Amino acid sequence: MSLLSVRNLVIDYARTRALDGADLEVAQGETVGLVGESGSGKSTLGSAVGRLLPRAARRTEGEVTVAGEPVFDLPDARLRHLRRKHLGFVFQDPIGSLDPTMRVGDQLKLVLGRGGDVRFHLGRVRLDDPRVLRAYPHQLSGGMAQRVAIAMAMATSPELLVADEPTAALDSQVREEVSNVIFSLAAEAGTSILWLSHDLPAVARRCDRVAVMYGGRVVESGPAREVLGNPAHPYTAALAGSAPAAAAHGVRLEPVPGRPPVLTGASPGCAFAPRCAFAEERCEHERPAPVRIREQDVLCHRAADLQDELTKHEEVSA
Amino acid sequence: ATGTTTTPTAAAQETAAPGYLAVADEALAKGGALNLQVHIDSGAATGYDPQLADVATTWQLLSLSYETLVTVGPDFSVQPLLAEKWDTPDDRTYVFHLRKGVTFSNGRAMTADDVVGSLKRLLASKGVWAGQLGPVEEVVKDGDDQVKVTLKEPYTPFLASLANVPAAILPMKEIDDKSVDPATTLLGTGPYVVDNHRQDVSWTFKRNEKYWNQGKPAADTLNITIAPEEAARIAALQNGSAALATLGNVDSGTMLAGAKDVKVVTQATTDFYYLMLNSLKPGSKLADPKVRQAINIALDTKQIAEVALGGKGKPTAVTPAGLPGSCDPAALPSAAKSVDEAKQLLAEAGAQNLSFTLTIFNTEPAPAVAQVIQQNLQQAGITVKIEQMDEASWSGKVYGKAPAEFDAALSWFAGYADPGMVTKWWNPETAGFNVGFMKPDPELNKLIDTANKLTGDREKALADVCAKADADAQMIPLVTRPATVAYRGDQLSPSLYATEGYGNVLRLVADARVKKSQ
Amino acid sequence: MSAGGLAVLAVLVLFALGSLAGAGGDPDAIVGPRLQPPGPGWWLGTDNLGRSVLPRVMEGVGTTLLLSSIAVLLTAVLSAAFGILAGYRGGYLNELVMRLVEVLYSFPAIVLAILVAAVLGPGQTAALASIVLVTIPLMTRLVRGAAVAVSQRDYVTSAVISGARLPRVLVRHVLPNVAGTIAVQGTYALSVGIAVEGGLSFLGFGVQPPQASLGVLIQQGGTYMIAAPWLILGPGVVLVAAILAINVVGDGLRDRLEPRETRSLT
Amino acid sequence: MRLLMWWSGRALSSAATLLGVSVLIFAAVRLMPGGFAETVLGPFATAGQKAELAARYGLDQPVFMQYGHWLGAVAGGDFGVSMISRQPVGAELLARLPVTAELTVLAVAASVLLGVPLGVLTAVRARPDGGGAAGRLLSGLGVSVPEFVLGSLVVFVFSRYALGLEVGTWTPLTQDPAANLATMILPAAVLSVFSISVTARTTRDAVMGVLVEPYVTAAVGRGESPWFIVRHHILRNAATPVVTLIGTTTAYLLGGALIVEHVFNLPGVGSYIVQAVGRRDYAVVQAGVLLAAGVFIVMNVLIDLLVGVIDPRLGVMAGRRS
Amino acid sequence: MILELDDVTVTFAAGPPFRRIHLDAMRRVSLQVAEGETLGLVGESGSGKTTTSRVALGLQRPTSGTVRFDGRPFPKRRRELAGRMQAVLQHPHWSLNPRMRVGQSVAEPLDVLGRTERNAVTEMLEHVGLGADFADRYPHELSGGQRQRVSIARALVTRPGFIVFDEAVSALDVSVQVQILNLIKDLQAEYGFSALFISHDLGAVRYVADRIAVMRGGEVVETADTRTFYTAPAHEYSKQLLEAL
Ligand SMILES: Nc1ncnc2c1ncn2[C@@H]1O[C@H](COP(=O)(O)OP(=O)(O)OP(=O)(O)O)[C@@H](O)[C@H]1O
Ligand SMILES: Nc1ncnc2c1ncn2[C@@H]1O[C@H](COP(=O)(O)OP(=O)(O)OP(=O)(O)O)[C@@H](O)[C@H]1O
Ligand SMILES: [Mg+2]
Ligand SMILES: [Mg+2]
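Protein chains in written order, with the working numbering: chain G, 1 to 318; chain H, 1001 to 1518; chain S, 2001 to 2266; chain R, 3001 to 3322; chain X, 4001 to 4245.
Derived from the structure by calculation, the hints contain no laboratory data.
Any given hint could be a false lead.
To be verified - In silico lysine-lysine, DSS-like type, Cα no more than 27 Å apart, as pairs:
1. H:K1173 <-> H:K1100
2. H:K1343 <-> H:K1424
3. H:K1152 <-> R:K3050
4. R:K3050 <-> H:K1401
5. R:K3050 <-> H:K1126
6. H:K1173 <-> H:K1206
7. H:K1314 <-> H:K1302
8. H:K1141 <-> H:K1152
9. R:K3050 <-> H:K1120
10. H:K1281 <-> R:K3050
11. R:K3050 <-> H:K1424
12. H:K1439 <-> R:K3050
13. H:K1439 <-> H:K1337
For clarity, every value in this text was computed on a predicted model and none was experimentally measured.
Chain G on its own, in the form it takes in the complex (with noise of 0.2 Å):
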């Protein structure tokens, strides 16, 4: 049974419908990275793991589970503890997730009780330097905060990371420094890791497995190196052909046409539709059923038909 399971998720902020059905397997030990464009749900889908969700957030249907308990419908005392056990996250701003107002090694006291390591756990994310348990976390670089943050959210050893963009406000060069601490330490301790990223070149570099959404839904999923590299698709191909680090000099990149879709209720057909050149009558309006091509699970109509079509494009390097 997989560690984290989430099926046809439907999640409805006031006026946007910011998951639309959408499903996702961890494993135990599996690194899963979650892509897509911006406002295609990644981060609703990452808080919702842990009912990290705000007030405006409601869930219409569908569930999560962790470690077989049903997320959603536990009690408060028992999700915490859920969380305690099971759950770890790491957010996109690392100096906003520490308490500005507390210095590094309190925080970590904190969290770790009254037996901790500090030194242990700072000592993990490649941290030893005595002047970090001082300082406050605004003195600290992005690079050094996002460690702290690591070392809180690994400290109880959870069986599953989010990771939602932990290295998307770091400069290119930190960027894998953090990469390298993250993934070695879940290795280490038999962690999962829920990697949501832009990046398609680093996920596609470390983790097991891709799930890619679109519109609220994972539109495709499979092992990383296929869905990058054979993509079943056509959004996933879309995406994976315009990343500009991606383009030779001279090249002319083919960015997906068209605007991302901002839903309010399910929508009737394929999401992506309007934006997909392959697209047919019946995208419009049927919900694409998930389909089994080669080891990818694929949320698309045509994806029988397109196998070819799309393994045309270009390879992503990795």
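Let chain G serve as the given structure and place chains H, S, R and X with the ligands on it in line with the hints.
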């Protein structure tokens, strides 16, 4: 706080004698502390010097420590105090026989020199009261315990004027040798001595152990709290933290109705409100006597008394209503005339659309009086704009410049204890403070002097003064100003006159018996 | 909730307009015996001068609302001018404005109001000036803060790069974007204004008799709380309702202009 | 060293503010119509007397000279002499300060002890659909009832019915602390209603702001209990605006204290100033307002320091990287 | 040369008086941008890129060194340059005045010049791929990418000779980034403006720039042709940067 508690006897009910609102029950034990609240402290640049004091509240506080040669009784009769008796060999001479055994609170016995010195000092002072003593020619010692005062001409209010605090007998020896400054120290022959004073907060008086009048004062201590806000005084009365308080609102009785053990009495006073019409302001229509008469006619003093003072005040002429010998306000020429005649007069003066500003201070009930005046005059087609200000700004505007800048203003005079005394203020040359807005009227001045010189029956002469002032109408007397006093029947048995001439609620405080105190 | 607030305000404004139109009767006329409880001819009773309370309350609402609205409008204009200029220009100008604001801020509000009333003489002008002086420091501070933030926005820089002159930048870019702050703060200032007017009248520095304002009526009614509770009831309820309604509308306005997320701790 | 610099900077700007206040108050007092002489000497005084009095208090000199003399004296700790009581103003202010201070301190304490929990509670309970309206209405009501209305009501109710607390009297703290407290509770309660409401509101806003901060989400994600999060993360982070508010509320409370003192007849600084304005007792008004402003300024300097301690990002000692 | 920075140093004083810290945001920077050329400026956060752009735009006066725009030093009055240089700035959310309609925002540079060519605005909106009907919208009705397009339209409406793009695409989604970068390239081909393109994203810079300058700690450590730079970086720091890509 401590205090003696006495069990009220059957006779403990105050039975008010004629001229009294309440008479202290002598059967009650003496001693104890009396908690009083008044709305304003004494406060003058001149300090505590009684001779310079010109405000009734100051007189009231100083009267606890100072005494005069004579005092007034319940019916305004002049009665002995520091003078045991006096002779009037002729109508210009007064010989006072001083009481024996009177000492100042420092223990020194009062002498005839103190009396002579005090009166001379008063006459030489710039205080307002110097003028009220009348045409004094000389003050001399007549033996060790007699003092003789000679007047230049007869002056009927003389004795009454000696009965007020500015004429108090001061310790002249100490003042002359500068060991005592009366501006900063109270040292008199009166029943109480000051224990403590915090300006605008409180006074504490202790009984004068050397007081000449054996057995007085009854209460050992007076705690006087200054409480400007009426509601605070009412609250203190209700919860018993004050045994007696002065109240400003004419409806206080209604408001305290039903409050347990609280008695509210209205003490009539000779003080009265009057309207000043500035006849000296350049270009002002009010310079025309016809216009002023029209205003006087249009004023409905009965309505002012009924509405603004809740029926507690009485219409008055220049001689304060309630004093023996004062004139009847209903008999004034203006009282008989109708609003139409007022309109007629205005038309004659070419002032049909008369409009002026009435400057008042914001202490109740002045604003109420002003608003009724406004309604009165509206009947005659006169528009009154009310300009209300704090007392300081008001005095600045009314007395600050000559000629004064206001159109009309509202104020009140203390009425004193003789009907002739206050009429002197209608002569700006004597009064001085009103030269800025008032033209002297020689005829009126003569009438005033004549009335005050008459020793016998002066009613006719006073009536002439009233009628002349009514026609002159530069200062129009309106209504008397009642004083409301409330006290706790379970804590106190006070003595109170039915009518007061010098605004002194505490006049008989030395008689008051404390039943219990908090 | 803010719809309710608006409704209350609308009723009060109708009240005030009714008074201007003479509805309810002459507020100054002596119409009956003193201190009568509500009854025909005087639906809210009579006061200590035998005047009908109803037209007086109506006039009072008008006086108070008009006075405070004008004052707050003045405050808004002055604060906008000084706050925006100081916030945008910074430097010595900013220092000067902020120091002045600080000076005003250091005066206890009601003392400031009393001083103004004492200097100008009591009356509408003094009440107006007092409200302005009492409300201006906070408003200027907040406007300045908002202006500083707006000045750093890219669209302002773009306008400068395009060669826009100072007035254009301030009027077209900064002002509209601090207007929300001004509006929200304005509603709070309005309620402060009403309270200041009331306080001044309470201490005897308010509008001139016989004109009624809520503060005057409450001050007079307060002394008659026992004998004639209807004197304070009407104006008291209206005053509290007015301030409450304005605050509620202000809250609503703020929620609309600066919607905020909420999160539960469970 | 940095602290010293900060202090000197603050001292300088505080002095500038105080100087501004002194100029303004001096000017205001001189601009008041109605001469001091008329007021204290009464209508019967002669021109000579008035002139003599003016000379005694130096009021016949040019205003700039008067200001200079006054400022010099004040700098030397001499606030002059009351023209009414002829007592030193400084001593009288000092004697009255405890009353106002006690009132203000009690009101501030009530604001913190009641307003902060109320604000935290309503914030934690707040719903995006405008829920918690009752709490908001309540605090709205608090800011809507002016002191003079509430004060009059309280004075009336408590004097009419024996409810255990007295109004209309006052006992000095030094004389009988228990009795003093009994006389101060009601005035302080009346004074604090407004500031409790404002504090509750500000706290609510501040807490709501903190609630959506990532570090709170992170703490929730770690499975901490709400109480734990409130205690360790929210209170301190939401404290800055609340503490700042308390600083600015002081000026308000000092003003409110004036009305409360008036209504309850307490001998505090506020009633002193009001009476002095009424009588044009220049020295008292000047000293009183200067004192109030000084207290306010000092209070705000302390608040700034405190804020720095609470939030190291804003502090004096906040450096860049350690 | 449309823009020449010669030996420019910018020093900021920060901190309280008496204890000011002096910080060189730019140290002896020399850069040129030729007519029609796009110069890419890369470097880590705080390296001085934005300061350089502000100097180039005349918003920041150099502490020392000289700046020449179009061969002349900056005039005293900004207005003389109105319409000749423009900028597209980082934050799509704040790049447009939320109280102004898109059409008004785009028209502003024309208004400043006193020109009122309404069709120039719609034409320009069409050019950046937005329909004329966008003119009536408010910024909050637009997506981030659309907002940056409006900014670009505003920058181009006066046909300036020089445009600064300071992190103009950093805040955008990858797929939108490419749209904007393509747009810049296309418009540059059409209008031939010179550009200073600032980004910490080397991928984006490689995509649009002809030449690249690398900043670190306020100094320019390397300037090179784009192709040369990406194939054979000279400076050690440049190599580090490229590794992370
Ligand atoms: N608190 C909120 N209130 C209302 N709508 C929200 C809220 N948070 C997110 N949304 C909406 O939900 C949708 C999904 O948002 P989400 O933050 O999950 O996307 P994302 O994929 O994480 O995007 P990004 O890459 O920008 O972080 C978007 O349309 C967004 O506007
Ligand atoms: N107005 C200023 N006052 C003081 N210091 C400043 C100012 N502007 C910039 N600095 C400092 O100058 C240095 C360079 O800043 P600049 O904004 O130019 O960097 P940047 O390369 O654009 O960084 P980023 O990638 O974060 O935008 C930084 O250390 C910054 O803190
Ligand atoms: Mg996200
Ligand atoms: Mg920058």
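Taking 27 Å as the top limit, are the C-alpha atoms of K1173 of chain H and K1100 of chain H close enough? At roughly 18 Å apart (the allowed maximum being 27 Å), K1100 of chain H and K1173 of chain H satisfy the hint.
For the pair we were handed, K1173 of chain H and K1206 of chain H, check the Cα-Cα distance against 27 Å. Holds. K1173 of chain H to K1206 of chain H sits at ~24 Å (cutoff 27 Å).
CA of K1141 of chain H to CA of K1152 of chain H, is that 27 Å or under? Answer holds: K1141 of chain H to K1152 of chain H is near 18 Å, not above 27 Å.
Hey, K1343 of chain H versus K1424 of chain H, does the alpha-carbon distance stay inside 27 Å? Distance of about 31 Å is beyond 27 Å: violated.
With the threshold set at 27 Å, check whether the alpha-carbon distance from K1152 of chain H to K3050 of chain R stays at or below it. The given pair, whose Cα atoms are some 31 Å apart, is violated under the 27 Å limit.
Quickly compare the C-alpha distance for K3050 of chain R and K1401 of chain H to 27 Å and report which way the hint goes. This hinted pair holds, its Cα atoms lying about 12 Å apart.
Given the hint that K1439 of chain H pairs with K3050 of chain R, does the C-alpha gap stay at or below 27 Å? Within the cut-off at roughly 23 Å; holds.
Taken at face value, is the distance from the CA of K1337 of chain H to the CA of K1439 of chain H at most 27 Å? holds, 25 Å
Are the Cα atoms of K3050 of chain R and K1424 of chain H separated by 27 Å or less? holds, 23 Å
Would you check the hint for K1281 of chain H and K3050 of chain R, treating anything up to 27 Å between C-alpha atoms as holding? With a Cα-Cα distance of about 23 Å, the restraint between K1281 of chain H and K3050 of chain R holds, given a limit of 27 Å.
Pairwise hint evaluation, K1120 of chain H against K3050 of chain R, where the allowed Cα distance is 27 Å at most: Roughly 23 Å separates the two Cα atoms, so the pair holds.
Is the straight-line distance between the alpha-carbon of K1314 of chain H and that of K1302 of chain H 27 Å or less? holds, 7 Å
Violated hints, listed in ascending order, are 2, 3; each of the other numbered hints is respected by the structure.
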